[in-house]
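Participant: The primary structure of each chain is shown beneath.
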Amino acid sequence: MSLPATDRPYFRSRHLEFIVVGVLLLLLTVIFPLLNAHGLLSDFTITLWGKYLCYALLAISVDLLWGYTGLLSLGQALFFSLGGYMFGMYLMLQIGMLGSYAKSGQNPNGLPDFMVFLGHTFLPPFWRPFQSFGFSVLMVFVIPGLLALAFGFLAFRSRIKGVYFSILTQALTYGAALMFFRNDFTMGGNNGFTDFKLILGHSLVDNDTGPATMRGLFIASALVLLTVCLFCHWLNGTKFGLVRQAIRDGENRVLFSGYATANFKLFVFVVAAFIAAVGGALFVPQAGIINPDQMTPDKSIEAVVWVAVGGRGTLIGPIIGAISINALRSWATQAYPDSWLIILGLIFLLVVLFLPGGMVSLPGKIKALRKSQGKPVEPAVARA
Amino acid sequence: MSHPILTVEDVSKTYDGFKAISDLNFYLFEGELRTVIGPNGAGKSTFFDLITGRAKPDKGKIEFGFEPDSHDLTDLNEYEINRLGIGRKFQTPSVYVEHTVWDNLVLSLKGPRGVFASLFKRQSSTDRDRIADLLKLIRLDGKRDWKAGLLAHGEKQWLEIGMLLAQDSKVLLVDEPAAGMSDEETHRTGDLLISLAGKHSIIVIEHDMTFVKQIARDNPVTVLHQGHVLCEGKFEEVQSDPKVREVYLGRGKHGTR
Amino acid sequence: MVWKSFRPLLLCTLVVGVGLLADVRAMAAPETARATIVRAILTSDDAQKHTIINSLIGQGDEAIREIFTAWRQDNLYIYTAPNGAKIPVELTGDKDADGTQAAVRVDSGEPLKDASGQPLRLVAKQLTAVEHDASLRRVMKNVVDLLDLGSPLPAKRLRAVQTIGFAQKADKLPVLEARTGIETDTEIKKELREAIALIHLADPDDGVKIKALVVLQELHNSSSYDLINALRAKAEKDNKPAVTAAAHSALLAIDHHRSVVKFFGTLFRGLSAGSVLLVVALGLAITFGLMGVINMAHGEMITVGAYATYITQNVFGAGMNFTLPFIKIAIHLPGLHLTGWAYQLYFLVAIPIGFLSAALVGIALERSVIRFLYRRPLESLLATFGVSLILQQMFKLTFGSNNVNVDSPVYLSSNWTVFDVTFDWNRVFVIGFAVVIVFGVWLALTKTPLGLLIRCVMQNRMMASCMGVRTERVNMLTFGLGSGLAGLAGVFVTQLGTVGPSMGQEYIVDSFMTVVVGGVGSIFGTVVSALGIGLTDQSLQQILLNPVLGKILVLLAIILFLQWRPTGLFSARSRSLD
Amino acid sequence: MITKFSKLLGAGVIALSALVGSARAADTVKVGVLHDLSGTMAISETSLRDVLLFTFDEINAKGGVLGKKIVPVIVDPGSVWPAFAEKSKQLLEVDKVAVTFGCWTSVSRKSALPVFEKDNGLLFYPVQYEGEEESQNVCYTAEAVNQQAIPAVDFFIAQGKKKFYLIGTDYVYPQTTNLVLLEYLLSKGVPLANIGGGFVKDSSGKITNAGKYTPFGHKDYQQIIAEIKDFAASGDACVISTLNGDTNPPFFKEYAAAGLTADTCPVVSYSIAEDEFRSLPAKDLVGQIGCWTYFQSIDSPENAKFLAAFQAWLKTTKADGVVKEGRVVDSPMVLSYDGVYLWKACVEKAGSFDVDKVRAVWKSGISFVGPGGKVTTQPNMHLTKTVYIGESKADGQFKILKTFPDVYGEPHLKGTFKPKE
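Protein chains in written order, with the working numbering: chain P, 413 to 796; chain X, 7 to 263; chain W, 1038 to 1615; chain D, 530 to 950.
Hints in this document: simulated from the structure, not taken from any laboratory.
A quick note: this is a predicted structure, and the numbers were derived from the prediction, not measured.
A couple of the hints might just be wrong.
In silico DSS-like cross-links for lysine-lysine, where the CA-CA straight-line distance does not exceed 27 Å [said to hold, decoys possible]:
1. K691(D) <-> K1299(W)
2. K1086(W) <-> K717(D)
3. K1206(W) <-> K691(D)
4. K591(D) <-> K1162(W)
5. K625(D) <-> K609(P)
6. K947(D) <-> K1271(W)
7. K515(P) <-> K947(D)
8. K598(D) <-> K878(D)
9. K597(D) <-> K847(D)
10. K142(X) <-> K205(X)
11. K928(D) <-> K591(D)
12. K853(D) <-> K1365(W)
Counterexamples of contact, computed for chain D against chain P with all Cβ distances above 12 Å [to be verified]:
13. G596
14. V604
15. D605
16. P611
17. D648
18. T793
Ideal Cβ positions, reconstructed from N, Cα and C, are used throughout, including at glycine.
Take the sequences, apply the hints, and build the full model.
Facilitator: Below is the structure:
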């Protein structure tokens, strides 16, 4: 019996996709730093691409929830930022006596500058352990993970789903942003954390050694991304992957098959929070700043859009989407400052309307179009 | 056959003032094949919803099993009830349309249901053999790599029955299994259900009277009307019961569709 | 002895102390009001200028009013006589061909004459103008206000009484007591009692003080709080338990009164905040609640309404020009150049215009984008997010990135004060507005054929379509209605907040929360949740004295609330969102 | 193998960038413009872009700087703060600009600053700010706290105001300004009870700051206005507002509706200049106080010339996205203008575009007579300039009430003022 062409390569396409992603990322991990070390690729480009890779991590976390599990979270930017803040606290404390207040002798305790600014004389207790790199990295996982666990537990237990889930996650991130905007919160208020100097003893700003540190961060980002892809690929192959997709397509059926879907969703939600948080933690030293603007609902929606544009429910889609939209932004804000938001908006609109599978579905579409020459093409219907 | 495996007593359920189930008493015995019929709106699907935890009764008790191993189902939710051994097939076929036929069965196969088990458990060769057997039984072995969404309506019904069998539940709740099937397929379904009785306890909801006749030959039939049991007995007794005739005929149709 | 009797006065507030010195000087060398003013004009030191003018308080000379009016209208100048003397003059009458005007001496009110006795005519530009600024004008106004004790206008009299009271000068007592005898207005009578009591507070005799405190306690007016508090602190220091106790109980009475005012004020403010939420969320309750479209461009529909109001205002006024972006079509809207009441009506005209323009934009959006997405609600979120970005940038390119100003019409820019609770007219209006549009929507949905069609299409599109309902058209009109309501909200929020290209973003999260808490699909739920959120928010602000913490708590409460009722207060079954 | 490939790829990248950069010529100098043209801050910063373009044209028409024509490189960070670091890096490392004019918000400056320090660039910053900063890579043409906040408070004290209500948006500039003002008011003998808005205390109960803070985009000022009304009931109260642009319309609309006026309780707003005034109901706000180092209404030949030239430029310019109608000028715009001329003067005196040389000239003290009067550079990278206090008129302009000439820009004010015993 012959099968429809689109369905037979179900497994094969998945492996192929992973191989493509893996090879590309490996190349990126090796070639970009090499070029940069030989002065053929500017430091600017390395840092820029390092940030794109972090955004790709954020996009994957969105895709894991939305593309694979059917949970449209509008709060992933929150976990990204929380990860960034946790690591940022470490970086802030590393500044120590290199800050401008310390230089002028007004800061004997080596507090972050913004605290001296607001009249603090001693470090708040919850800041103190962040002197340790290990502890900070642990917190990058623990804090976003705990928040995801608590929020997810409440939300999934009471079976909040669909639109309700989206709007609730939006409210969560909005509330958190308001919280972080407050200067009383001693997390830097609107200005957030900036002016990082050192990471694990390596300078971020020195003209001689700084580029090497940035290169290291780039390689770290690429490797983390590769690891996450490996993990996602593995997950797809397990029964867990099957259950997760089944939840997306028909949660009731899964419930009546004896699966506690809430636990599965909670697991995915926490894992997605981890991934976003790691992305944020790597983002902060490369971007040089983290502030509450990064956790507003808008930023979350943007990440969702990257995934939609790239192609959700795929491994490569979110990566392509995150990199291409951000590269477009870097270019268009300079070339068309007045109309680039319109360009961006139109892309969202057109992708949703005419290309629900995103950019990764383009080759298949073109192929199908060629094959069916003359025959009417089925209108695109997405999975709801 | 002495103990009821499923006990439903004095159960009522109201939706927005409409009494879907009122003071229902129902007992299912081990190994029994019970057919439930009743006009539209008699509360048949709500009855299943209450047993499977999709809806909670306003009052009454629903118990599964017998002492010392009995469970109050009203306190449990869907997946807990399923894990106790109650499987359900829905009225409209409910399969995972984006998964292959094979994966649909993998998901339903009896076994641990936890998050971590599903992460690390590998498929054993017994599992694969079991699925292959089931595929043959439901005659979908040629389409094992098809996405379930691409199957015909009848095939989906079969797949769902296969999924139910894969779960190996003690009690099977089967809601209109014959809808969308050809006469031949319907008959085969009937045979299958009859063959399952004894090993499993089964409740079948059905409209198709030919089908009911087939499966209820030696088995009791329950007639639901306005949320409670109108009468219970052998198919012929029920068919000749004046109350039943009034319920069906009064609505101008005799249950053949 | 004299020193002792004056001591409490000196220990009062700074102005009073300075005023006292001025009084002493006035007693030493009596001078006319005109002479005093001349002295004030010629003083270069600001503080001293204020002191001198303050010394005029209580004088009844009508010349003060005239001269001050001339001063405020920039008609006073300093004329330097040939002998070097500086003579303040008022230039009056029309300018002649050379630009000269008649000059009147401020010190005498007589025309300025040269050595030969001929009246001089002067050119304003050649003289030094007598300057004034806000604070000086305020001081002058105080003096004039005192003249207002006999004014026929109650508001003027009231203000005059207050001013005298705060000055706490015993020599004004007779004036006030005289007034008490003839005053008929109850409000002013109360104010007179307070003013007299306040002056008595400064009396050296403790008995008088305590009596005054009893009166003030009975009046429990917020404005006397600071003076009583100062008195209490002093009495405590001087170890006068009777005065301290009386002051304490007077303060308690005021505090109690304040908390009552705060309570009712908060109630009103909560109601009005809730009404604002309701007005902005009602459109969403239809597009999102009934139709299941997650319209992230809802905020931009509000912006359309707001800009429509802005355009209407400009057309009623001087007209406006703008260029449509990309197609570069310049649009010139001629102005009607209306003034007075005719101009003030612009806001009422803007209401239907705002509704219609937003409804039209909404219909265009529905036809071009939304109708393809009814079966994909989560994707409608993304598409409309794109639309929202595009619209914001369009507004920016059309109307500039600056915020624009929409004037408040006179009928919305004042307030009623009842028992010290302020009821702003714009706030009262928004409450009424909310009631009217909720009633209107209810009528439209339940009593009109369109409403019937809407409800039937929203419940089951397919079935309705099979029954011969033109679902496409109903979808379009429903979305238009929802957008139009957002436009109405836009018209109204011009009176409360910022009008600019991105203003819509400020309302979007709040709107969604309101609808979700109320229960998607239930208009009544939206009403209840809007008022509930508004009241909670304002009460928390009042309690925490911190607007942000209150808001965060409200969001937290909403998240927890949805744990308890995952589908909101009044859930209606909605297939599209399941 | 890999290195070979990498060199090939690198060569391609270089070729591409050379293609882009081929416009560079010997007789021009690249100058960066780093202002938000989209996003939330575009509302304020677009005007600065415009005035910078105007200034460049004006200088180019007279022969440029050291004989080189200024070529602006305009980038738009889009109100995304990490983008300020990214774009700064681009300007300094890719475009290699001689100087950059830019930033408005504190957070944007903080984001860009490390990049300028690392690459030894020069940033001209034109907007009133919180101080407590003295980077060698930033020329602060902006008003320091003592050039704005303190004079206005002195003005109110001279008017006999005794009660001060502090309100601001919750970010660094208002926080710091209020911190300094709290110290200043206490040093003037104002009791704590007469300072409204609340106090911030640390865990030991010590007061660390004062003021009521609302978030960006706050809309509902009902409760706060009620509080102010109660605070001002006894007369002699004023409000010191560091509310940020967008929150001013709802604040003042509520203020006016509640029946408060400049007579009963005046407001000084440090963030409202002529440009912001366009979005406010000016007729309800007559008599409110502003304090800047420039007002459009200044009556001087330099200002008249500047205004006329700017309006003429607006009419003829072909630059993209410049709104031509209803334009006003305000302090940040004039300080941007002054900044360009000061940079020009420094470059010409140094005879070089080299940042270190330009900075050395700046520190030696250079003067320029701009539209707001004479401005002089200081060794601490700030400017000495004239401070004006004005009251608003119904047409949205300010009438100048007081002038404080030659006020030295002092960024470090915290702890300067000691409470009066």
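Participant: All hints are to be evaluated individually against the structure, with a verdict given for each.
Facilitator: Evaluation of the provided hints:
1. A distance of roughly 24 Å separates the Cα atoms of K691(D) and K1299(W); the hinted pair therefore holds under the 27 Å criterion.
2. With a C-alpha separation of about 22 Å, the suggested pairing of K1086(W) with K717(D) holds against the 27 Å cut-off.
3. Distance restraint check for K1206(W) and K691(D): the Cα-Cα separation of roughly 19 Å lies within the 27 Å cut-off, and the hinted pair is therefore satisfied.
4. Pair hint K591(D) plus K1162(W) does not hold up; C-alpha atoms about 38 Å apart against a cutoff of 27 Å.
5. A hinted pair counts as satisfied when its Cα atoms are at most 27 Å apart, and K625(D) with K609(P) qualifies at roughly 23 Å.
6. Taking the CA atoms of K947(D) and K1271(W), the gap is near 25 Å; set against the 27 Å cutoff, the hint holds.
7. Between the alpha carbons of K515(P) and K947(D) the distance comes to roughly 24 Å, so the proposed pair stays at or under 27 Å and holds.
8. Under the criterion of a C-alpha separation no larger than 27 Å, the hint pairing K598(D) with K878(D) is consistent with the structure, at around 17 Å.
9. Note on K597(D) and K847(D): the hinted pairing holds, with a Cα-Cα distance of about 22 Å set against a maximum of 27 Å.
10. Taking the CA atoms of K142(X) and K205(X), the gap is about 20 Å. The hint holds against a cut of 27 Å.
11. A distance of roughly 34 Å separates the Cα atoms of K928(D) and K591(D); the hinted pair therefore is violated under the 27 Å criterion.
12. This hinted pair checks out: K853(D) and K1365(W) have alpha carbons roughly 14 Å apart, not beyond 27 Å.
13. A cut-off of 12 Å between C-beta atoms confirms that G596(D) is not in contact with chain P; the least separation is 28 Å.
14. Not every CB of chain P is more than 12 Å from the CB of V604(D) (nearest about 5 Å), against its label as outside the interface.
15. Taking the minimum C-beta to C-beta distance to chain P, about 4 Å, the non-interface status of D605(D) is violated against the 12 Å cut.
16. Separation of P611(D) from chain P is inadequate, the least Cβ-Cβ distance of about 4 Å not exceeding the 12 Å criterion.
17. Non-interface call for D648(D) relative to chain P: violated, since the shortest CB-CB distance, roughly 8 Å, does not exceed 12 Å.
18. For T793(D), the condition that its CB be more than 12 Å from all CB atoms of chain P holds, with the nearest at approximately 31 Å.
Checked against the numbered hints given earlier, the structure breaks hints 4, 11, 14, 15, 16 and 17 and satisfies all the rest.
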